[in-house]
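Okay, here's what each chain looks like letter by letter:
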Amino acid sequence: MIRSVLPVLLALLTTQAAQAAGPAVDAGTRQPTNWTAIAMFVGFVVLTLIITAWAAKRTRSTKDFYSAGGKITGFQNGVAIAGDYMSAASFLGISALVYAWGYDGLIYSIGFLVGWPIIMFLMAEPLRNLGKFTFADVVSYRLSATPMRAMAATGTLVTVAFYLIAQMVGAGQLIELLFGLPYAYAVVIVGVLMILYVTFGGMIATTWVQIIKAGLLLAGATLMSVLVLATFNFDVNALLAKAIEVHPKHGAIMLPGPQVANPISAISLGTALMFGTAGLPHILMRFFTVKDAKEARKSVFWATTLIGYFYILTFIIGFGAIVLVSTNPQFLDASKQLLGGGNMAAVHLANAVGGNLMLGFISAVAFATILAVVSGLTLSGASAVSHDIYASVIRKGKVSDGSEIFVSKVTTVILGVVAIVLGIVFEKVNVAFMVGLAFAVAASANFPVLLLSMLWRGLTTWGAFIGGFVGLISAVALTVLSPGIWTAVLGLSNAPFPYTSPAIFTMPLSFLVCFVVSKLDNSRTAQRERLAFEAQYVRSQTGIGAEGAVVH
Amino acid sequence: MDDRTAARIRANPKFQLLERTRRGFGWTLTIVMLAIYYGFIALVAFFPAMIGQSVSGSITLGLVLGIAVILSAIVLTGVYVWRANGQFDELTREVVAENVRELELAR
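Which chain is which? The protein sequence lines are W and R, in order. Taking our numbering as reference, the numbering of the first sequence is continuous, increasing by one, and the terminal residue is 579. Taking our numbering as reference, the numbering of the second sequence is continuous, increasing by one, and the terminal residue is 1023.
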């Protein structure tokens, strides 16, 4: 059974690639306890707990808890969004992909980036102008609250669950490797810290933890890239030439490889990555932490810039690792594989260019990254339960701030415990498909309903409800029927659905069902909902009446 | 906002200008981004040999195009923010100012 080191890597990989890039990790490859890394990580934890204590004093209302009181600036929010997006998987996974296959790594990172401009052009402003705490606020703005919130909360929880399991399993495996701690300890540490950040500090703490971590990750990746380029006197050509010379595939690393050998798989995966981004609940939630549409736009611009810059760095880091790590026997085992598995390319490179101190720093940053990402995910899952299901559906909005926050904190603790248990139960599962599934569900269920509710007058509750669930169920079903689960997990032959990602089929299907059902729906409610679009549209375009907005 | 205020703002020529201009601009940029991305993926999927062509020494066409796609995403979002924070926000302010009385009453 192949067990990839980093779950998030899986988002990027087909089974065959995962097998190639992430050789089996067993207990025998655990690293010796790395005290430098542990010391730096403890430093990060202490700092973030101080921030959490500070944030706890400032978290009084639901608005503070879910959206940091709307007081985050555009730049700060852009850094936090970039932080949510630059998971340990992006950093270690993409550089590992470049290390193993060269050019394919760049193709994947581009797929992850190009969703951002689309979010900016079509969604950022109406989202900010219509929403309050969760994207369910937007889809239930003029549609019937109970079914829409139930649908959006389901989409949120399913997306968050798959993403969270992947992150927890990845965290456990990564920490086992980096720090030499047993897997279960690592999962428990991540779960407990995350519960502390979210329950005490809410969105304020979660955002600042994310900002600090993003700063550390960008600084670390920049430093490594500069050190790599300095080895070649900043001559990129010399770096590439040397990489081609020493890599076993030689010139082929500059060409598209097996990940994109099947055009339909390549396009389908690209579609899931691109539009899935626009349906990830923990990312959408960040749009409500800024005060208006203008700051929301600035957030997306900074996020796009930082993420794009970061992906260029991971490419340099991957090529640096080909040259400096693959040629150094210190980092390889007897069969010339990387010690600790393929995903460790960037970590070994840190050691190669900066010694033990740099190794400790990069390891600590990778751990901090996982911690920050799971906190954001958990907060978004908890808000779906407390704000959408408890406060809006069960209590019909008649609920005090205090009891809503209490429900949210209890949910956070439950989610944290569930995440720890699932992380331990799923230790051996191939998490690549969990992340792929999270993106496919986000692109096929959350994104179509959200986009149509904001932009299309004709959408009705029935159309959105049925279309959203068709997208959700078909994305999950086709993933189970794809080689990733059918062949690799269930051990059956001939997967009925041959492609890596279902999104190219399920996303258009969801749009189509939303459209057809809405067109057929001529109930009184549907007519009222179409009429209500006018007022919603004016607010979404001008921000008049928006949460936190001031009309002069 | 009540329906009458909404209808009034909807009929405002400046609102219509704002709405039309922004929608056109947003969709144009979306189509440009999609064309760039799917064009790149199509090149990778159907003409992989072109990706490996040398531009200068070991620097290949694929590398230059890949970086260009990343930069185009950043530039396009930058262009949108620049125009939205200037022209679109100015129009929004004017629409709000012209309807300030109704909005006050509606509150």
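For the record, the hints were derived by calculation from the structure and aren't laboratory data. Backbone N, C-alpha and C define an ideal beta-carbon position, used for all residues, glycine too. Do not rely on the hints blindly, as some may be mistaken.
[Unchecked claim] In silico contact screen, one side only, chain W against chain R (beta carbon under 8 Å); selected entries:
hint, residue
1, Leu256
2, Phe259
3, Asn264
4, Pro290
5, Lys321
6, Gly381
7, Val448
8, Leu449
9, Pro523
10, Phe542
Handout entry: In rising order, the numbers of the hints this structure does not comply with
Key = 1, 2, 6, 7, 8, 9, 10
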